[in-house]
Structure formats: structure tokens, C-alpha cells
Amino acid sequence: MENTVGYIPFLLLGILLYTSVLTFPSVRSNGFRSRFSPLVPIVSFFYFLFGFDGSVQTTTVWDHSLLPISITFQIDGLSRLFALLITGIGSLIFIYANGYMKGAKYVQRLQCFLLLFMLAMLGVVLSDDLILLFIFWELTSISSFFLIGFKNEDEASRQSALQAITITGMGGLIMLGGFIILGEIAGTYSISSMSSPEIISQITSHGWFVPMLILILVGAFTKSAQFPFHFWLPGAMKAPTPVSAYLHSATMVKAGVYLLARFSPVLGDTPVWNIALISFGGVTMVYAAFQSLFRTDMKSILAYTTVSALGIMVFLLGLQSSDAIAAVSLFILVHALYKASFFMLAGTIDHETGTRDISQLGGLGKVMMPLFAIGILAAWSNGGIPPSVGFLGKDLIYESTLHHPAWAYVFTGLSVGTNIMLFAAGLLVGWLPFRGTRSHPSVTLPHWSLWVPALLLALLGMIFGLFPSIINNGLINPVADAIAGTEQNIHLKLWHGFNTVFYLSLITMGVGFLLYNLIRPGAKLLSFIESAEHWGPKRILHALANEFVGVSSWITMTLQNGKLRIYLLVILGFLVSLLGYVVLSDTNFVIDKEQLTNITIYEGITVGILFISVFLTLFSGSRLAAVAAMGVVGYTLCIIFVFYSAPDLAMTQFTIDTLTVILFVLVLYRLPRFIRLDFSARHILDGIVAISVGALMTVISLEVLQRTPEREISDFYALNAYVMAKGKNVVNVILVDFRGADTMIEIVVLTIAAIGVYSLLKLRLRKNEKME
Amino acid sequence: MEILLAITIGLLYAAGIFLILRRSMVRLIIGLILLGNGANLLIFLLGRISKGKPPIIPEESKVFLDAYADPIPQALILTAIVISFGLQSYAIILVKRAYRVTKTDDIEELTTTDEI
Amino acid sequence: MNTIILKTASKYLLPLLLLFSIFVLLRGHYLPGGGFVGGLIAAIAFVLHAFANGLENTQQLMRIHPGFLMPVGLLISAISGMAPMLLNKPFMTGLWKSDPVPVIGSLGSALFFDIGVYLVVIGATLTILFTISETR
Chain A
1 MENTVGYIPF LLLGILLYTS VLTFPSVRSN GFRSRFSPLV PIVSFFYFLF GFDGSVQTTT
61 VWDHSLLPIS ITFQIDGLSR LFALLITGIG SLIFIYANGY MKGAKYVQRL QCFLLLFMLA
121 MLGVVLSDDL ILLFIFWELT SISSFFLIGF KNEDEASRQS ALQAITITGM GGLIMLGGFI
181 ILGEIAGTYS ISSMSSPEII SQITSHGWFV PMLILILVGA FTKSAQFPFH FWLPGAMKAP
241 TPVSAYLHSA TMVKAGVYLL ARFSPVLGDT PVWNIALISF GGVTMVYAAF QSLFRTDMKS
301 ILAYTTVSAL GIMVFLLGLQ SSDAIAAVSL FILVHALYKA SFFMLAGTID HETGTRDISQ
361 LGGLGKVMMP LFAIGILAAW SNGGIPPSVG FLGKDLIYES TLHHPAWAYV FTGLSVGTNI
421 MLFAAGLLVG WLPFRGTRSH PSVTLPHWSL WVPALLLALL GMIFGLFPSI INNGLINPVA
481 DAIAGTEQNI HLKLWHGFNT VFYLSLITMG VGFLLYNLIR PGAKLLSFIE SAEHWGPKRI
541 LHALANEFVG VSSWITMTLQ NGKLRIYLLV ILGFLVSLLG YVVLSDTNFV IDKEQLTNIT
601 IYEGITVGIL FISVFLTLFS GSRLAAVAAM GVVGYTLCII FVFYSAPDLA MTQFTIDTLT
661 VILFVLVLYR LPRFIRLDFS ARHILDGIVA ISVGALMTVI SLEVLQRTPE REISDFYALN
721 AYVMAKGKNV VNVILVDFRG ADTMIEIVVL TIAAIGVYSL LKLRLRKNEK ME
Chain B
1 MEILLAITIG LLYAAGIFLI LRRSMVRLII GLILLGNGAN LLIFLLGRIS KGKPPIIPEE
61 SKVFLDAYAD PIPQALILTA IVISFGLQSY AIILVKRAYR VTKTDDIEEL TTTDEI
Chain C
1 MNTIILKTAS KYLLPLLLLF SIFVLLRGHY LPGGGFVGGL IAAIAFVLHA FANGLENTQQ
61 LMRIHPGFLM PVGLLISAIS GMAPMLLNKP FMTGLWKSDP VPVIGSLGSA LFFDIGVYLV
121 VIGATLTILF TISETR
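Quick mapping for you: the protein sequence lines, in order, are chains A, B and C. Read in order, the letters of the first sequence correspond to residues 1 to 772 in the numbering used here. Read in order, the letters of the second sequence correspond to residues 1 to 116 in the numbering used here. Read in order, the letters of the third sequence correspond to residues 1 to 136 in the numbering used here.
Chain A extracted, bound-state conformation (with noise of 0.2 Å):
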């Protein structure tokens, strides 16, 4: 097993490149290929169960010496379970969307985007720096974006994709000044070189320290739904079910708990981080559990106590106490397990039904019997009745409670009512729908590939919960390590005896049955709870949102409105103050005339020529003049270059002057005389830009000649010109030989416009071209 960690880039490299041939549009049937893509989830999927064991492992793909970033991937306990979730559920996600979208359009499209997101996910929990993780962070927002918003003709959709790629994204940008902070005073953008006692003290106790974790903190907060950015995710349930399946109920959503879990060795255990991850987690599950159980749509109430049930992690990792470590990689498991056949489920019965809407549904037991299996054992787990899985991680919750030391009965008070309503929740999902009247005589079960996913998945609750063994010291021990930061010794075990957490598990069962019998959600206490929801930060973010658009497209409207001449004024006015403000603060304005050549009568000629010919240029109303006087202008550069030592020069300018002229005679010839304006207003503004760059252009010229020329570089080529080269003219040796490769480039460039010339006027005119 000492090797196996190498093959992760590899692996990485190989989805990526699977996804960029599922690019390609078919040849043959419609899905082909996508019949294939279950395999990349499930071959990850074994690599990551039998190529690790939970121990550490680190691979470096690129290093740079003076950057302090690198592409580094390591496996732990925790990055393992998370890979396995993300492959595991990703496989049956695969096969379970290849029965649910069958028949319909962009079947490869959506796989394209759902193996992008795996492999962002996959990034995510396996790097081991902190720039790295965050581009896979992103890349995880981005590709959600496109699967939220897969079913683009639909306006709701788009508006949900918008909107969670805003929060998330937005979170992912702060979340990076967070990371920039931390590994500048760590000293390093590695995660796993953070941990050593040194660094951890250096850390928390530097004076940015409170800022950074703020930073990190909303970062994962926006991505893992917490309270006030949690609204997202139920608005993310536009996305089809198995996206929804996936992204939120496994991975995406849990990559902000990964975050917390990842660095709670490093920053937690700190008063900023107790408290904020404790009460906003706390508020978090206890808000959006109350929320989930007035919901008539299954999706709906499925995001609801997702957000619920990551808020009960988060709030597991604020106690930082080794039952709450305990029972939060547990909790992970557990929740991944039960919430994605809960939202198989209910894309099934929405695929065959048409309605997920639970006031509507009834008596499909009868017909469905493997799919009310599924909400059985899934409402089992969730509800936490022994002996599934998920009474070993409610036990663990409760104990971690109880245990801490100032604010035991609040604390357990509040996670008992939050299971509570989440266990009425479930029965909602999982039992209401299949008992009563039939309510779609006409449905009967569907295709395999719609339910054994599903199935499995929940009867994996089960057998867990019954061989707790199976999973303890490979998968959830490991995980605890990670996240403690040192060795935990856990021991699952289904009976514990009579003890308090025992009868507080009772009466969760007792008065979340209850509970469920009591309320039957419908239109009315629907509108009741949206409402508060509607006055709630989402309302906030909304209208910030909006202003936000509101200025951007009026800065765009201003800067950007289509004219030339209003780009061009902003980036002179712009440079003019700024360099104008530079060189005026910094120049004293004294010439020094010794320095100075002097101005003999035939320089004096040709400049006044030069002159006259620039005016003649600038005000000439015929264009032939305008550039006929540019033709001498460019001569009387000429001359300049000839008293001044520059043959070379003088003998190309002149050709050149000479060819460009030649040149605008030939096209203008074709063209329309000058638009004739009257002098005005935006005449005089030009006039004053373009004469204030001008004098800026002279003061600083003035001021460069009045320091001592650096002429290192001449002097080699000087130097060296004959002695290497064997070449007289240095200008020429420049060009041919010491910097031949520029000149290579440009007769390449010249080559180039050559063709672009001639593709434009030999290219094949359109219509309402004419041909002359």
C-alpha cells in the first residue's frame, strides 16, 4: 500500500480526460457512450476502498522553489471517507441517472458535468495545499452552477443556478483571503505542514488571527448552507433529482464540513471558532428543521433537513470534545447514506407520478413495495430507531451533549428537538407517501435502475448499524483521527444499556412520531413559514443583489457605451492625472543647457517643416493633403534620423514613409471625403487632453535626458559586435544575430498582417456586400 497515493493525479488526469471524450457528440445512438460512464465512479470507487487503509499519505506532483504554492495530494482518514462517499454514491448517482434520464436530451451533457464535479470534489478533499484546494473549490461551485441550472430553458432554474454560484462563489472569495492570511502567517500554503505544535501556536496566536478564521469561517458556511446563507440549497432543488442526489445531500454541500473537519486540528478549539461554529450551527439545525417540516414537496423537504442535519456537524465541531469528533464522522456517513436514497426516492416517485408533492401522494406502497422499502429503512436510519446506523450516530450526538461541561441541558435540549422534528421529517418522506388511499392507480414499479441504487444504499444504514465492526477502525476511526488531530479510540457499539442518552433517544422516537401524526403540511402553513423566509436574509441578499446589478450595469453603461472616443478620453484622463501627478511632484524643472547639442539653422528648417507639416495634418480639410503633410512628416524624421547618426534609420523611415503613402492613396481613393463638423465643445476637450498628454510626453522626456544615460547593454554589443559576429554595423548585428530570434518573430508578425490584408479583400464578400 506504500505507493498506491501516486496514482491520484493519474486518476484525476483520466476523468478529466474520459470527460473531455464524452464531450465529443455521438456518432452512433444517442447515449452510447453514457451507458459507460458508471464505470469511472465505480473503478475510483474500489481504488479508494482497497488502495487505503486511513493512514497518511502524501504525493508532490509539481513543486516550485520560489512560489510558495504546489500541487500536492494527501490521503487521510478523512479525505478517504469523503473520496469514498463521492465515488460510491457517485456510482449508484450514475446509474440511477442513466434509468431516470432515459430517452431525454443531454444525457452526456449532464454526465459531462456531473464527472466534472466529482472530479472537483475528488480535488477538494485530496489536496493538501491551500491555493490548490481552493481552485477545486471553485471548480465545485462552478460545475454545480451548470448542473443546478440543467434545465436551461427554464427561467427558475437559471435564477437558482445564479443563485447559488453567487453565495457559494462569493463565499469561495472571501474563503481565499481567509487562506492567503493563513498561509502567510503560517508560513506555509501546505495543510498537512500546519499541524506541528509550532505552527499551530504561531498561528493562533498571531493578531490576524480572528480575521482569517472569520474569513475561512464564511467561506464554509456559504458552502455547507449554514444559517443566514443557507437559502440556497432548497433553491438548488431545481437541479434534476440525481443532481440533486449527489451534490446535495453527499458531497458539494459537505465540502464546507470537510473545510471545518480539515482544519479543526489546526484553528479549532479556539473561542472564536466554538462559539461561532456552535451557535450558528445551533441555529441552523433548529431553524431549518422547523422549516422542513411544513413543506409539501419531498425535494423540498429533503434540502431543508439537509441544511438541518449539516448544521447538527457543524455544531459538533464547535464542541471539539472527542465524543462530538466521534459522532460527527459518523454523522457523515450516516447522513450521506439515508439523505441520498431519501432523494432517489423521491425522484422516483416524481419521475413516475409527475408530482412530488406529498399532499397529493398516497397508498403507492401497494404497488411500489421495494421503493417504500426504501423509505422505510431510509425514515429508520434518519429517525435514528436502533438498530440502523443512525441510532449509533444520534447516540454519539446526545453523549457528546450531555458531556460538555458548562451548557449540558441546553445543548442537548436543542439537538433533541432538532431530531425530533428531523424524525417526523422523514416519516413524512419515507412512510406518508405509501400509506392511505392510491393516489395514481395507474403507476406500477419502474425500471431496476430507478430503486436497487437507492436500496443499497439504505440497506447499508442497516447493516452498519447492525456490524457497527465493519466500519469502526478502517473508515470512522481514521476519520477521527484527522479531525482531533490525534489518536481517538472509538468504539461503535448498538447497545449501550439503560443510561440517559438511551431515554432521551426514546422520547425523540416517541415525540417525533407524535409529531408527525400531528401536522400534515398543506397550502395554508406552506404560505405561513415561506413568509418568514421572505422577510429573512434571503430578502436582504436579494436586494443587495440587486443594487449590485443596479450599479455594475450603470458603471458598464458609462464606461462602456460603444464609442471610441469615450474609452479613449477615460484611459488618457486617467493617465494623465496619474502620471502627471508622478512626474510634477518629482521634477524640478531645471534644464541643464551645458549637456545640451545646439540648434543649428538647417535643424532649425527641418523642424519648423515638421511642425507646419503636423498642423497641415491636423487641420486640413481634403484627405490628401492630410496625408500628404503626413508623408512629410514622417520625412522630416528622416532628416532628424540622418543628422543624428542614424543611416540605418533614416534609410527604412524613408521607404517606408514612402510605402505608406503610396498605400493611402490607394484606399482613399475609395473612400468618402471627411465628415465636415462645426468646431465645438468636444473639440476644445479633446484639444485640452490631447495638448496636456502631449506636454506631459515633453516634461518627461526632458526630465529622463537629464539623468545619466545606462549603456551596459550598448557597450556589449558594441564590443562584441565584430568580435563575435563579425559585423561592422551594429544595428544590423543586433537585428541578424544577437537578437535574431526577435526579428525571426517579426517578419513572422509582417507575414502575418501581409495575409490578413489579403484574406480581407480576397475573402468572399457577403450579400449585402457589392462587388465593385
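Keep in mind the hints are simulated off the structure, nothing from the lab. Keep in mind that a hint or two might mislead.
List time: in silico DSS-like cross-link candidates among lysine-lysine, alpha-carbon distance up to 25 Å [as the list claims (entries may be wrong)]:
# : chain 1 : residue 1 : chain 2 : residue 2
1 : B       : Lys51     : B       : Lys62
2 : A       : Lys593    : B       : Lys53
3 : A       : Lys726    : B       : Lys62
Following the hints, position chains B and C against chain A.
Below, chains B and C alone, put in the same frame as chain A:
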């Protein structure tokens, strides 16, 4: 003389910028050429000017015996002159082509990207 | 510009100017001149001929389209730049024949590089100008 050349540079820059702010596309290109000339002269001047000392090693000698004009700005400008010819010809053909489609030389009428 | 004088003059000017351009090209390593200027002078020679005798006549005289000079020139420059690599020297290292040749001086790979530049400049300039004159 340096002061006069510096003023010339300023004039070329000012004239070039005034012309690229005009609405006529032909004037825009003339403005670009004047700007290019100004930039060339600027580089030339900043390499310091000297009379009668071209950067050519005299016969019967292997190195310079006397002071010589800086060859680097000259090499730079030579390249710039040739490249700017390519740029100018491409720009003016673009104007010609645009005129054929839109029948106008007025930049401000070219505010949409459609149909070109 | 269809004057007899120009027509007659251009007939003699073309070979003279071409010869001059080659002269400028070859002496470039020692005295003012080189591939850029030489190429431009040659281009002007052809343009002048085209003005006097009409574009068709010039193109007939040239036989090939000037555009072909560009890839040829690029190839010559590239080969002269890469030739040292065959001798295990870095790209663009100057190679020299030991005995000097009259007018040109030492014969070396830099000269071939300059010849490539010369051809590209002629090709590009003439392609641009001829294309414009053709499409009225």
C-alpha cells in the same frame, strides 16, 4: 536641440491623440501613425543624440575607438517602423472593408457588432 | 501616371533598383543597410514599375505571386537560425566561413538570415500593395 526635439515629441503625441479622438476612421489611422512617429522619436531622443557618430565600427578596427551613437534604440526603432507598416496597412484595409459593409467612415455609427 | 517618360524610365529603373537593393542587403553587415531596407527598396522598384506599366505587366514580369516570397523567406531565416543546432550549438549561433568574400565580407549564417528577412519584406509589402490595387 534636445529641447526642440522634446517639444516635437509633445506635438506629435498631441496631434496623434487629437486625431484618434475624431470620428473619421481615416483620421484615426493618421493619428496612430503620428503617435507611432512620436514614440519612435521619443525612444531615439532617450538614447541620447550625437552627430556624426553612427554605430558602425570603422574600417581597420575591431572595436569603437571613439564615442558612438547608441545602437539599441536604433535597432528598436527600425523594428518598430517595419512593424508599424504592417499594422497601418492592416488597419487601413480594415477601414476599407468596414466602409464597404457599412457605407460609413464614422466610428460612432459603428456601435453594434452585428452583421459585419 | 501613364506618361512616356515614367514608362521608359521604369524599364531601366527596375533592374537598377533591384541591383541596388541587393547591394544594400549584402553590405548591411558592415555599412548602413540590411534585409529590411533592401527589401523595401526592391518593393518600391516593383511598385514603381506597376505604376508605370500597369499591375498586370508587373505581375507577368514577376511570374510568381509575391506572396510566395514570404514562406520562402521565413524558411531561409528559420533554417539559418536552426543550422547551428545541427552542430550542437544553441539556436541562432553565428556560423562563419573562414575565408572572407569580396563586397560581402565574411560569409556566415547571419547573411542567410538577412536574405530571408529581405524576401519576407518584399513579399509582405508587395502582397499588401498589389492586393489593394487589384481590388478596387
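Evaluated hints:
Straight-line distance between C-alpha atoms of B:Lys51 and B:Lys62 comes to about 22 Å, which keeps the hinted pair within the 25 Å bound. At most 25 Å may separate the alpha-carbon atoms for a hinted pair to count; A:Lys593 and B:Lys53 meet this at roughly 21 Å. Between A:Lys726 and B:Lys62 the CA atoms are separated by roughly 9 Å; this keeps the pair inside 25 Å, and the hint holds.
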